[in-house]
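Protein chains in written order, with this note's numbering: chain F, 1 to 654; chain X, 655 to 976; chain S, 977 to 1334; chain U, 1335 to 1608.
Hint data in this document are derived by calculation from the structure and do not stem from the laboratory.
It is possible that part of the hints are untrue.
DMTMM-like mimics (lysine to aspartate or glutamate), calculated; alpha carbons at most 20 Å apart, straight line [claimed, not checked]:
(1) Lys272(F) x Glu981(S)
(2) Lys986(S) x Asp1490(U)
(3) Lys151(F) x Glu1345(U)
(4) Lys161(F) x Asp1490(U)
(5) Lys1499(U) x Asp984(S)
(6) Lys990(S) x Glu1477(U)
(7) Lys1504(U) x Glu981(S)
(8) Lys1487(U) x Glu265(F)
(9) Lys1476(U) x Glu981(S)
(10) Lys1487(U) x Glu262(F)
(11) Lys1324(S) x Glu1501(U)
(12) Lys986(S) x Asp463(F)
(13) Lys151(F) x Asp1600(U)
(14) Lys1487(U) x Asp984(S)
(15) Lys345(F) x Glu1312(S)
(16) Lys1499(U) x Glu981(S)
Partner residues are not named here, just some residues of chain S that face chain U (Cβ under 7 Å, in silico) [said to hold, decoys possible]:
(17) Tyr989
(18) Leu1102
(19) Leu1179
Simulated coverage check for chain F against chain U, where a stretch passes if three residues somewhere in it have a Cβ under 8 Å from a Cβ of chain U [said to hold, decoys possible]:
(20) 31–37
(21) 260–270
(22) 455–462
Just so you know, even glycine gets a beta-carbon here, dropped at the ideal spot from N, CA and C.
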Amino acid sequence: MEKTSEPFNGYYTIPKLLERNADIYSTYPAYREKEYGIWQTWTWAQSLEEVTALANGLIAMGLKEGENVAIVGRNRPALYWSFIAAQMVGAVPVPVYNDAVGDEIAYVLEHCSAKFAIVGDQEQCDKLLEIKDKLPALTEIIYLDPRGLRKYDHSNLHAYKDVQKIGRENAQSQIETLDKRLNNQTENTTCVMLYTSGTTGKPKGVVLTYKNVLSASKAASEFDNLKHTDEILAYLPMAWVGDFIFANGQALWVGFCVNCPESPETMQGDLKEIGPTYFFSPPRIFETMLTTITIRMEDASNLKKKLFSFFMSHAKKVGNDILDGKNVGIADRIKYAVGDFLIYKPLKNSLGLSRVRVGYTAGEAIGPEIFDFYRSLGINLKQLYGQTEAGVFVTLQPDKEVRADTVGVACPGVELKIGESGEVFYRSDSSFECYYKNPEGTASTKDKDGWVATGDAGFIEEDSGHLRIIDRAKDVGKMADGSLFAPKYVENKLKFYPNILEAVIFGNNKSHSCAFINIDLAAVGNWAERNNISYSSYQELAGHPDVVRQIQDHIEEVNISLSSDAMLSGCQIHRFLILHKELDADDGEMTRTRKVRRRIIEDKYSDLIEALYSNKTQVSTETEVTYEDGRKGSISATLELRDAEVVTEKVKAA
Amino acid sequence: MFFLLDPFFYEIVISGLLAGVMYALVALGFVLIFKASGIFNFAQGVLALFAALTLVGFQTGQIPFAHLLSVFGFHVSHWGSGFPTIIALLFSLLVMIGLAWLIVQIVLKPLVNQEGIILFMATIGLAYVLEGVGDLMWGANVKELNVGLPEGPSEFILDTTDMFIDKLEISAAVVAIILVTVLTLFSAYTKMGRALRAVADDHQAALSVGISLETIWWIVWSVSGIVALVAGVMWGAKSGVQFSLSLIALKALPVLMLGGFTSIPGAIIGGLIIGLGEKLFEFYIGPMIGGATENWFAYMLALIFLLFRPQGLFGEKIIERV
Amino acid sequence: MFYREAGDFKTSYKSDQETFPLKLDKVLFWIAMAIAAFVVPFFLNEYWEKAIFLPFFIYALAAIGLNILTGYCGQVSLGTGGFMAVGAYASFKLMTGFPALDMFVVIMIAGLITAGVGVLFGLPSLRIKGFYLAVATLASQFFLVWLFNKWEWTYNYSATGQINSPQRDFLGIVVTGPYTKPWATYLFCLGFLFLFAWIARNLVRGRIGRSWMAIRDMDIAAEIIGVNPLMAKMSAFAISSFFVGVAGALYFAVWLGAAEPTEAFSIDQSFDVLFMIIIGGLGSILGSLIGAAFIVLLPVLFKNVFVGILGIPTDIAEFSQIILVGALIVFFLIKEPHGIVAYWRTLKGKLRLWPFPY
Amino acid sequence: MNEVNETQPTESVHGRTFGAPIMEMKNITMRFGGVIAIQDISFDILEGEIRAIIGPNGAGKSSMLNVINGFYHPQEGEIWFGGKKRSPMKPYQIAYQGIARTFQNIALFKGMSTLDNIMTGRFTHMKKGIVSQAIWKGAAEKEEYENREIVEKVIDFLEIQSIRKTEVGKLPYGLQKRVELGRALAAEPKLLLLDEPMAGMNVEEKEDMSRFILDVNDEFGTTVALIEHDMGVVMDIADRVVVMDYGKKIGDDTPENILKNQAVIDAYLGVAHE
């Protein structure tokens, strides 16, 4: 390719990239969708035609430059086209979560004063029509699937196909308009606006320019050497930045194919059919897959089970090393190859992951066991760290430097900085422009030098240069000796054990940390059943000596793992107890989304915390509980306080 | 009506009817099993062959599997001069009942609730097995069977009417008529008989009578084994015991088509019609088209009959429920 | 275990409805075909030709034919032997009456004639169902064999009543008569099997095949969606008889070279072919092939093992073989009423799911 | 016949628009031996409407449906379809005229997949002959795929994509009913007969089925005649209701009026509640 000073070789907007792809990859598949039993396919050339038709239709219907177009629906090629069509006419696409309820949609549409809305089907249409009174700016709604909409008032309602038809009819007369609008755009034109769900307050509209989106797409694509023959499965919400960057940014930049499943229910089957080569998924999906594997293997014949566990344990031993290209003995390699034929390949095949060249997981911490399981099968699964404001990529794990506990090195073009409080900052071409209609918000996140605060605390490993995320910055505290106190980090480590449902760690400004544990009644109950241990209540099971011992083992393992980390070594758990009741949202101890409310628990169980920081081995307590029907009662219990073994610096050295 | 004056005509009618009784007898074996178990028993003919072979074996004192034993160096053939006919008959009867039990246990029980075609095929497989076992046990050579029935043309009839009728055929007919009567009465008037009929319609209903399905099957297979024995004896006495005896099953099939698979009177009347029809056809039309028409005439007759009356002789008009 | 289906997705109805939708199957099939067509002929001797391959190909062809009628259309027929005789005698008359005719044409015409006869004997199926029909088809068996015994014109008034196949060729290659080369007859019959299996596959996957299966599964419902039972049943009889007639012509003209109706086309033929499709699998072309292989090869195997290796007297071996075939039939019916092909499908399903059990 | 036309409504209680009568039954009498199954019944079905036939068990409803699609030939009376008097025909000929139906006891082709079952519904629309099918390549193949596309739309419409290739014998009851509806729909009938489409279903399945019937009528303008026991369903979806009892017609009106009809209350509702 010709070298230019300009980073995008002249293709500095997404519509320009589409034209390029239609030109150089004209007959390659651009979009596929499973519909009517087969994978309907559109090449890049066909896609350009479809998009242009829609864009012309939008112009004819009066969409102006700078206006916003809301897009609501599940992943479908036609909706991906509407992004580009909106961009073509100089409007800004604003994708909205399609499972959002009326109020949330209303807020977003009102805030961005969307003029047009392009929706998937009757369901979304109904949602919009319900709140239409609150949205004076919204003039036209365009729907994709006409089913059930036949009898609706069509004065402001249009079928997607009809809009394209109008567009095709007006294509000739609008050539100049469209050209002008395309050429008016620069790399600083807004490419898309993505609303972050935001844990607190109202969603914020993150404005990303073409430069933001394309530099992120370009950097990450080059980082992993993506090719135009790659395939992805687009099944994550279109309003989420990841899907936007993968299926719009990278797909257009690289020219690979975006495949849309038939319906959310058939996603697993569709995944298997397509066998994507570039795959992204939050940890949740990998967890579910692993659970399914385990359950299905439970019912397998003995021979299969034995083969499976034999080769899986071998994979655990050497799989990761082989994937990382490390030195592995010839015998182990042969054994791995046999396992590959008998177990790993068929397994990957039936999960639909056998063709994955590059796989990413992000969004939250993934259990190391789960992560290693997939990697040991030979799937190049990696972690990345990112956020909407960064156009996804802040850090990525390079091939062969993949570990469960880091999130990789800075993405090319991204600068990293750790603040005084331990907070991670970054700066790059792909960092967002601003929050839409929210200058204060912008200012508080992005300083005048362009550094963006992530809100996460972390540190960069000295020897490897990898970033490690510890916790939300606001949750990180200090121990009495000044070392880092990262309760959520430790809690997550504990929660990776299936026996532990919840854990609450205390220790801010204290000399050492202590823990409350909730056992997982399902998992432990299952164990009890297998071992013929009878119990009548959570409390009784939680107090069983064997259970306590198991939990103690888990805690001590966590301590060992923490001790290997100089910064976090101080967080090791010295004492713990198993709570006599499950933390419950009805009692206000957790949020409805099952997040622990630390402050309330600290107050409510102050007597227990006090006891943990004393020398007692037992404590009696009484707690008020709320029953499901709203009645209140109380339970009293005597709890055992246990010391856990802690690894000191000295031991580690030995 | 000149043929009515022909003495051969009457001779043919009578011998046709007598043959018809034999067909009816074999057909009856089919009907019994079909009614009670819904099984189209293709092995019925082989059962007759097997029964006849067994009888001859007992009569002549053959050692079973003698030929097979010789492979292993035991050269034996007979252990003595055999049993008297009546004892041999009794033993053969027991063998048939035992065989029925084996068939029910090994073949039918595992196939309960299968489709009719599957059961039909299974009986073909069974026919193969029985044929092979029979040959292996008693040898495949043609054997003479003599149970002491009178043979030769009946002089009495020859003298009085000038017709040539074999005594063997008459006695066979008499035995067949007796057996048919007994079976009809058994099926119509005994509790067991009614249970047998009930089981064909509804397995549950039969169970409520208090007889297990297995037992019922064993009984019907035993009964049709006995019928096969009688048929085998009659046929064997006439033309020797050999493989072709198993083909009498093929004779009974058109009778079934005509009379219906589930009708005892149908089997009797059908047998008579076919016996009579094929003799007359062979006598009057046969010579014109080359003879040996018995092989197919019965089938053609039944086929053409069914085209006009698909429900058979005694069946009710089929009304299809939608 | 061997299947790698991820990424093997279908973008058109054509690829979705292929005979071998799985890539691996397709590849294996064509490799097998290539070996059968280009490798085997070089290593063929007369024993393998006459004792194994020709009977297998020919019975497979007849079995596919009967499977169309019985397995797909649900009409049980015991007249296969008779229809094979029609094919054989038709080809004999054509070969002797029109010596210049190419053997391929002879056999196709013989098939057409058999189809006509088949329709005639299929007519009762409109009124008669189930076992009644099965028995009724025996009429064709007995009548036709009788006809070829008695009607001297059909065997050209030969003194012995036998028919002998004269030397004829296919595109200049001798395929009948005493001077054939094993590879020539082998490829000739293989070609027919391949062609007709392909035709059968085409028929059963389309409109007409569905109309047969509809009649088989529920004739009333078939009628309300527009299937004319007359057309469906008659077409099944015609096509089935066509296949069987072609098989009969090859059976006589290419394989045996001489035939006499009572022995060569006896009712045992009818049963054997029926066994093939039941043991192989009703309503499956692959099942027809498996069943034919089973019934043809089993006796050969027995003979080789019992007589050749164990030295058991021929007659005892023969009886044991009858018993074993009968017992195997019963065994398969008990264990797997849907035939060996059902085992094959289960196995394949397991391989595809491996290591998962479901 | 004029009586019927004089009172012919043009719009339904559910806001549907009616056309001319698509089917008229005139003085139909049907006897089996000595038993009278249908006695002198006349009614019509208007284009675009959803017509219900109700009545106690043994009232002759199914016989009526069988008369309409040609299984039974009434001894007396005339059947008019599409404005023409219909001569006695075989059921398959009637299928070609554009009448499709489902059965009370599911009558699917058990050995075939969902897809193949619905493909059989396209039978009347496929024309290629045996030779063309034997060759497959070309005409027959093209026809097959064109019809597959239509069938896939039916599958999509009924939301049964996930069972496309499952053998129907293995499907649960509710889905089998849906597949059977699919088979009838694939024929693109002018008149769709449904014999107790909701028999044996739970509330949720009934709701789904009702929605599909309404959508069929709405999307494709298909005229529907159905037999149903559930009065709630009938009230919800039917435009007009014929009530039968012991082979006689005892009412023919809108659902609301039917509920008020004393003869109906006595004969049908009384019996049903016993």
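Comparing the hints with the structure gives:
| no. | hint | result |
| --- | --- | --- |
| 1 | Lys272(F) x Glu981(S) | 7 Å, holds |
| 2 | Lys986(S) x Asp1490(U) | 17 Å, holds |
| 3 | Lys151(F) x Glu1345(U) | 16 Å, holds |
| 4 | Lys161(F) x Asp1490(U) | 18 Å, holds |
| 5 | Lys1499(U) x Asp984(S) | 17 Å, holds |
| 6 | Lys990(S) x Glu1477(U) | 11 Å, holds |
| 7 | Lys1504(U) x Glu981(S) | 24 Å, violated |
| 8 | Lys1487(U) x Glu265(F) | 18 Å, holds |
| 9 | Lys1476(U) x Glu981(S) | 27 Å, violated |
| 10 | Lys1487(U) x Glu262(F) | 13 Å, holds |
| 11 | Lys1324(S) x Glu1501(U) | 17 Å, holds |
| 12 | Lys986(S) x Asp463(F) | 48 Å, violated |
| 13 | Lys151(F) x Asp1600(U) | 39 Å, violated |
| 14 | Lys1487(U) x Asp984(S) | 23 Å, violated |
| 15 | Lys345(F) x Glu1312(S) | 32 Å, violated |
| 16 | Lys1499(U) x Glu981(S) | 17 Å, holds |
| 17 | Tyr989 | 4 Å, holds |
| 18 | Leu1102 | 12 Å, violated |
| 19 | Leu1179 | 6 Å, holds |
| 20 | 31–37 | holds (count 3) |
| 21 | 260–270 | holds (count 5) |
| 22 | 455–462 | violated (count 0) |
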